[in-house]
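Mind the numbering: the sequence shown is residues 64 to 255 in this note's numbering, read in order.
Among the clues, some could well be false.
[Claimed, not checked] Quick list of in silico lysine-lysine cross-link-like pairs, DSS-like style, CA-CA up to 27 Å:
#1 225 to 211
#2 237 to 173
#3 127 to 212
#4 173 to 120
#5 186 to 212
#6 225 to 134
#7 246 to 173
Because the hints were derived from the structure by calculation, they are not lab data. This structure is a prediction, so every number in the text was calculated from the model and none was measured.
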Amino acid sequence: MNLDIFLQKSSNIFAENRLLKFVVVALGIAVVINTAGLFMALNSQRVILVPPVVNSKISVSGDKASDEYLKEFARYILNLALTYNPVNARSQFSELLAVYDPAEFQTSRKELYELADKIENTKASSAFYIQSIINDTEKRRLEVTGTKKTYMVDQKAEDTLKVYLIEYRIENGKFILVRLYEKPVQGESKGA
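Just need the whole structure built from these sequences, with the hints factored in.
Structure representation (structure tokens):
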């Protein structure tokens with residue numbers, strides 16, 4: 064690069080130097096702006112999933128998920144945990160453990176396998192029919208109301224309204240089950 068604006072050679076070199084400094088500063092500012100835009104884009108990136116069994120869009124973005132996604136997971140979890148028979152209980156509980164929080168895994172594993180032993184010994188079956196799912200986004204908790212029907216050796220043992228709470232967190236787009244437990248309900252028994 065050779066500028067011939069001034070009569071003196073040293074003035075031309077200084078002008079050229081100033082121009083090069085300006086270009087370097089402009090490129091530096093452009094890199095900083097580009098980097099900031101890239102970080103903003105990564106933080107607002109969303110993945111939209113539309114599996115064949117879901118009729119609406121579900122999306123996960125960082126540590127947030129759409130209500131539809133959370134409701135689908137609630138159905139999936141409660142189907143695995145509460146709709147079982149002696150043949151499939153153990154395999155369903157194993158599949159359920161795959162979505163549990165690693166900190167709660169050992170405790171939950173022990174409880175679920177003890178329940179599987181009881182189910183196999185008593186030949187119990189259960190079905191849970193969901194009536195409503197309420198998402199509390201601040202507490203990261205799903206409240207699921209439904210009817211649980213339990214059978215012992217093909218005879219109805221229980222038909223009750225139950226409310227289950229699912230505590231969860233979303234980590235890097237993955238649903239993690241923190242805790243699943245039953246909430247007591249007034250006027251629980253509808254008749255056996």
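So, going through the hints one by one against the coordinates:
no.	hint	in the structure
1	225 to 211	holds, 7 Å
2	237 to 173	holds, 24 Å
3	127 to 212	violated, 33 Å
4	173 to 120	violated, 36 Å
5	186 to 212	holds, 14 Å
6	225 to 134	holds, 17 Å
7	246 to 173	holds, 21 Å
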